[in-house]
Amino acid sequence: MTSRITQSTVTTSALRGLQANLGRVQTLQEQLSSGRRIARASDDPAGTAASMILRTAQAADEQYQRNSDHAKGRLTVTDSALTGLSDRVRAVRELMVASNNGALNPDGRAALAAQVDAIRSEVIDLYNTTYLERPVFGGSVAGTQAVDPSSGTYVGNDVPIEARISADAVIRIDVKGTDAAADVLPAALSAVSASITAGGATAPDFTAIDSAFSTVQRALGDVGARAQRVETTNSLVESHRLDLVSRISENEDVDLPETIMNLQAQQVGYQAALGAAAKVLQTSLLEFLR
Amino acid sequence: MSTFGTLNTAVSGLLAMQRAMDTAGQNVVNATTPGYSRQRVELSSVGAPTSATFHTGAKVPVGGVQVDAVSRIRDAFLEATRAAAGGRQEALAARHDTLAGAQLLLSEPGTTGLQAGLDGFYAAWHELSLNPSDSAAGSVVIQKGQAVAEQLHAVGDGIAAGWASAFDRLSQTVDQANQAASDLASLNQKLLEGSSTGRSVNELLDRRDTLVRTLADLVGGQAVPGPDNQISVSVNGITIVHGSTAQTLTLTGAVEYGDAVTDPPAISWGGTDVPVDSGAAAGYLAALRTDLPNLGASVDGVAVALRDAVNAVHATGFTRSGAAGAAFFSGTGARDLAVVPASPADLAMTSAPGTINGAVALKIGDLALDVASSAALGGGIGASARWRDLTTALGTQVQSLGAAVTVQESVVNAADDAVNADSGVNLDEEMTSMMLFQRAYQASARVITTVDEMLDTLVNRTGTVGR
Numbered sequence: 001m002t003s004r005i006t007q008s009t010v011t012t013s014a015l016r017g018l019q020a021n022l023g024r025v026q027t028l029q030e031q032l033s034s035g036r037r038i039a040r041a042s043d044d045p046a047g048t049a050a051s052m053i054l055r056t057a058q059a060a061d062e063q064y065q066r067n068s069d070h071a072k073g074r075l076t077v078t079d080s081a082l083t084g085l086s087d088r089v090r091a092v093r094e095l096m097v098a099s100n101n102g103a104l105n106p107d108g109r110a111a112l113a114a115q116v117d118a119i120r121s122e123v124i125d126l127y128n129t130t131y132l133e134r135p136v137f138g139g140s141v142a143g144t145q146a147v148d149p150s151s152g153t154y155v156g157n158d159v160p161i162e163a164r165i166s167a168d169a170v171i172r173i174d175v176k177g178t179d180a181a182a183d184v185l186p187a188a189l190s191a192v193s194a195s196i197t198a199g200g201a202t203a204p205d206f207t208a209i210d211s212a213f214s215t216v217q218r219a220l221g222d223v224g225a226r227a228q229r230v231e232t233t234n235s236l237v238e239s240h241r242l243d244l245v246s247r248i249s250e251n252e253d254v255d256l257p258e259t260i261m262n263l264q265a266q267q268v269g270y271q272a273a274l275g276a277a278a279k280v281l282q283t284s285l286l287e288f289l290r
Numbered sequence: 291m292s293t294f295g296t297l298n299t300a301v302s303g304l305l306a307m308q309r310a311m312d313t314a315g316q317n318v319v320n321a322t323t324p325g326y327s328r329q330r331v332e333l334s335s336v337g338a339p340t341s342a343t344f345h346t347g348a349k350v351p352v353g354g355v356q357v358d359a360v361s362r363i364r365d366a367f368l369e370a371t372r373a374a375a376g377g378r379q380e381a382l383a384a385r386h387d388t389l390a391g392a393q394l395l396l397s398e399p400g401t402t403g404l405q406a407g408l409d410g411f412y413a414a415w416h417e418l419s420l421n422p423s424d425s426a427a428g429s430v431v432i433q434k435g436q437a438v439a440e441q442l443h444a445v446g447d448g449i450a451a452g453w454a455s456a457f458d459r460l461s462q463t464v465d466q467a468n469q470a471a472s473d474l475a476s477l478n479q480k481l482l483e484g485s486s487t488g489r490s491v492n493e494l495l496d497r498r499d500t501l502v503r504t505l506a507d508l509v510g511g512q513a514v515p516g517p518d519n520q521i522s523v524s525v526n527g528i529t530i531v532h533g534s535t536a537q538t539l540t541l542t543g544a545v546e547y548g549d550a551v552t553d554p555p556a557i558s559w560g561g562t563d564v565p566v567d568s569g570a571a572a573g574y575l576a577a578l579r580t581d582l583p584n585l586g587a588s589v590d591g592v593a594v595a596l597r598d599a600v601n602a603v604h605a606t607g608f609t610r611s612g613a614a615g616a617a618f619f620s621g622t623g624a625r626d627l628a629v630v631p632a633s634p635a636d637l638a639m640t641s642a643p644g645t646i647n648g649a650v651a652l653k654i655g656d657l658a659l660d661v662a663s664s665a666a667l668g669g670g671i672g673a674s675a676r677w678r679d680l681t682t683a684l685g686t687q688v689q690s691l692g693a694a695v696t697v698q699e700s701v702v703n704a705a706d707d708a709v710n711a712d713s714g715v716n717l718d719e720e721m722t723s724m725m726l727f728q729r730a731y732q733a734s735a736r737v738i739t740t741v742d743e744m745l746d747t748l749v750n751r752t753g754t755v756g757r
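Heads up: the sequence lines are chains Z and L, in that order. When the count follows the numbering used here, it moves up by one through the first sequence with no breaks and lands on 290 for the last residue. When the count follows the numbering used here, it moves up by one through the second sequence with no breaks and lands on 757 for the last residue.
Hint data in this document are derived by calculation from the structure and do not stem from the laboratory. Any given hint could turn out to be false.
What the hints assert, rightly or not - Below are the SDA-like pairs computed for lysine to any residue, each with C-alpha atoms no more than 20 angstroms apart in a straight line: (1) Z/72 <-> L/645; (2) Z/176 <-> L/423; (3) Z/72 <-> Z/130; (4) Z/72 <-> Z/9; (5) Z/72 <-> Z/220; (6) Z/72 <-> Z/167; (7) Z/279 <-> Z/83; (8) Z/176 <-> L/480; (9) Z/72 <-> Z/83; (10) Z/176 <-> L/642; (11) L/480 <-> L/515; (12) Z/279 <-> Z/16; (13) Z/279 <-> Z/267; (14) Z/176 <-> L/515; (15) Z/72 <-> Z/224.
Claimed, not checked - Some, not all, of what chain Z presents toward chain L, calculated at C-beta under 7 angstroms: (16) 41; (17) 51; (18) 281; (19) 285.
Ideal Cβ placement from N, Cα and C applies to all residues, glycine included.
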C-alpha cells in the first residue's frame, strides 16, 4: 500500500476494480449465452485438443453408421436373392422328380422343360440382382450384370467389395458369384431342361442341382451371419457415438448451475463494489468546508 | 530598526502567500491532468542580519519571507520503473492481440473449422466407396475436397492479412516513435534555454516525462538523465535522443508476408539493426518475424501432409475408364492447394483397371484415422494431427501471453500507483494548504493594519495625550 493517497489513486483503483469485476461478469455472461465453456482454443488448449479428437471420432462414427446401413441394405438384398434362388432350385428338383416318370408323353415333358427354362431365366435375373446399380454377385465387374442373360455364362470376378463399419472392422458386403453357384447353376439348369426334353433315356443329373442347392444354402448362412455381425458392430458404434456426444458436451459445455451461481456471486460483488466506489468517490474535504 | 520595516515584512508575507495560493490553485485545476506533477512553493524566512551597512555600521533590519522556488514533486526512479513496465506491457499486448486475431481464423473447436472440413472430406470418400458407380457421390468428394482447400486458403490468406496489418501497426509505431523523439529533442532545447534563464520549467518537465513514457511504450526507450534537465533516450544501448538531436528509426527488411522468412523485418538506425526488446514495436516484431511465419509454415505443413497422403493412396487406384490415378491435390502450401480432378470420372476409386469397386476410395476415407494417414506418408504426421497440434500450440501461446499481459498490467498499475502517490494531487491536502495560506495572508494583512494603527497613534496622537 502506498503511503500517500490521492484522489486520482482512489478513482483509478476503484475504476480498475469495477472493470475487472465487470470483465468477469461478461465472461460468465458469454459462457451462459453461448452455452460453451471453450469458445477459442486459448480458453483451454488441452480441452480444445481433446474436443477436436472427440469430434473427429464422432464424425467417423456417424460415417461408420452410414456404412453399416449400406452394408445391411446390401446384405438384405443379397439375402432375398439367395432365398429366391434356393426356392427356384427346390422347384426345379420337384420338376425333375415329376419328369422322372415313364408315363409322361413328349408334350408333358416339353411342358416341364418349358417350366425349367422359365425358372432358369428367373435364376439368371436373380443372379443379376443389383444394389445401387452394382450387381451383388458380380464382384468388381465393370458392367451391371454378373451372369450374361443370353448365354448364362458367369462374367463376374472374385474381387471383394468391402465397407468399413467401425474403426477396426472392415466387412465384406458381397457374395462371390462362385459361392452362390452363379458359375454352375445356369448351365446345370440348361442340362436339366435338355434331359427332360430328351426323355427317359438319360435321367436328370440330380448331383449338380443338389450341390448348387447346398452352395446357395451355405451362402445364405454366411450372409445371415455377416448381417448379424454388422448389426452387433453397429450397436457398439452407436453406444460409442453417444458416449462421445456426452463427452464432447462435458468438455465444451458450461456447467449451468455452477456458472449461474458464479454469475450471481459476481453480480453481488459488482454491486457491492459500485456502492463502495460511489460512497468513497463522493467524499472530499469540500463537503465539510463552509 | 525602521518602523516601516515591519510593513515590508508583512508585504513579503502577502506576496509569498499569493504565490503559494497560485500554486495550490494550479495543483487543484490540474488534479486530473495526465502526467501532471504536483508543485510546492519552497519558502524560506529572510534570515538574520549578516553584515552591517557600510555607512552606519548599524545592523540592517531584515525580516520577511521569500519564495525560493516552485518545486515539482516527481521521483525519477519511480518514473523510470513505470516507463519500463509500460514498455513491457505494450510489447506483450501487441503480440497477444496479433496472435489472438490469428487464433480466430482457426475457428476451433467447433463445426466450422478445418477439422470438421477434413472429417466431411474423408466421409465423402467412404460414401463413394459404397457407391462407386454413382457420379453424385464422386461430385460430393470433389466438392468436399474443394471446401477443404478453400478453408486452408482462408486460414493461409488470413495469416498473410494479419501479418500485413501487424506490419502497418509497426510502421505507425515507428513513425510515432520518431515524432516523439524529435519532440523530446526540441523540448530538451527549450529546457536548456529555460534552465539557463532561471524560468520555471515545471510544465515542460511534465511534458518531457510524458514523452519519455511514450517512447518507452512505443520502442522501449530508456531515459538517461543529464545536467540542466536534459534527458537522453536509448533503446537497448543505442541512443536515439541526445540533447537537442534525435535519430530517425527506419523499418528494413520484408514489407510483404511472402518475404518474412528470408528477410525478416527489423527496426534500424543508420544501417544498424536496433535490438528493440520492449514497447509495442517489440511485440509486433516478434509476431512478424517468428510467430506468424511459423504459424503459416505449420498451416502449409497441414496442406502438404493432406496433399501427399491423399495423392499417395489415389495413385494406387484407377478411374472408371481404367486410367491410373493422377494427383488429387496440387499446390505447394495452404494458399494454393487445389483439387485436380474436374469430374467424378477422374476419381481413381477402383483397385484394378476395367473393374468398378470402391477399395481405393475406402482407403482414402480411412485416412481419417491418424494411423492410416501416417502410414500413407511413410511415417510422417498426418494432416488432422498436424492441425490439432498447431491449434493447441497457438491456443497455449495465446493463453500464456494473455496471462502475462494480466500480470504485467498489475505491475504497471502498481508502478502507476507509486508515481501517483508521489506526484498526484490530493485535493484534501490542497484545500488544507489553501486554508493555511488564506489565514497567513489574512494575518499578514492584519500586521499591516496594526502597524498602520501604531503609526496613526504616533503621527496623530503624539503630544495630544491628556488633552
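Consistency of the hints with the structure:
Only pairs whose Cα atoms come within 20 angstroms are accepted, and residue 72 of chain Z paired with residue 645 of chain L is rejected, the gap being roughly 23 angstroms. A hinted pair counts as satisfied when its Cα atoms are at most 20 angstroms apart, and residue 176 of chain Z with residue 423 of chain L qualifies at roughly 19 angstroms. At most 20 angstroms may separate the alpha-carbon atoms for a hinted pair to count; residue 72 of chain Z and residue 130 of chain Z meet this at roughly 14 angstroms. Our distance criterion of 20 angstroms between C-alpha atoms is broken by residue 72 of chain Z and residue 9 of chain Z, whose separation comes to about 75 angstroms.
Note on residue 72 of chain Z and residue 220 of chain Z: the hinted pairing holds, with a Cα-Cα distance of about 14 angstroms set against a maximum of 20 angstroms. Proximity of residue 72 of chain Z to residue 167 of chain Z is assessed by CA-CA distance (about 17 angstroms); at most 20 angstroms being required, the pair is judged to hold. The straight-line distance between the Cα atoms of residue 279 of chain Z and residue 83 of chain Z is roughly 90 angstroms, outside the 20 angstroms bound, and the hint therefore fails. Between residue 176 of chain Z and residue 480 of chain L, the direct Cα distance comes to roughly 99 angstroms. Violation of the 20 angstroms bound is thereby established for this hinted pair.
Proposed proximity of residue 72 of chain Z and residue 83 of chain Z is supported: the alpha carbons are some 16 angstroms apart, at most 20 angstroms. About 17 angstroms separates the Cα atoms of residue 176 of chain Z and residue 642 of chain L, which keeps this hinted pair within 20 angstroms; it holds. At most 20 angstroms may separate the alpha-carbon atoms for a hinted pair to count; residue 480 of chain L and residue 515 of chain L meet this at roughly 16 angstroms. A C-alpha spacing of about 16 angstroms is found between residue 279 of chain Z and residue 16 of chain Z, which places the hinted pair at or below 20 angstroms, so the restraint holds.
Taken as a hint, the residue 279 of chain Z and residue 267 of chain Z pair is honoured in the structure, with Cα atoms around 18 angstroms apart against an allowance of 20 angstroms. Taken as a hint, the residue 176 of chain Z and residue 515 of chain L pair is broken in the structure, with Cα atoms around 93 angstroms apart against an allowance of 20 angstroms. For the hint pairing residue 72 of chain Z with residue 224 of chain Z, the CA-to-CA distance comes to about 10 angstroms; that is within 20 angstroms, so the pair holds. Proximity of residue 41 of chain Z to chain L holds as hinted, the smallest CB-CB distance being about 3 angstroms (cut-off 7 angstroms).
With its C-beta approaching chain L no nearer than about 4 angstroms, residue 51 of chain Z sits inside the 7 angstroms limit, and its interface hint holds. For residue 281 of chain Z, the shortest C-beta to C-beta distance to chain L is roughly 12 angstroms, which exceeds 7 angstroms, and the interface hint is violated. At about 4 angstroms, the closest approach between the beta carbon of residue 285 of chain Z and any beta carbon in chain L falls short of 7 angstroms, and the interface hint on this residue holds.
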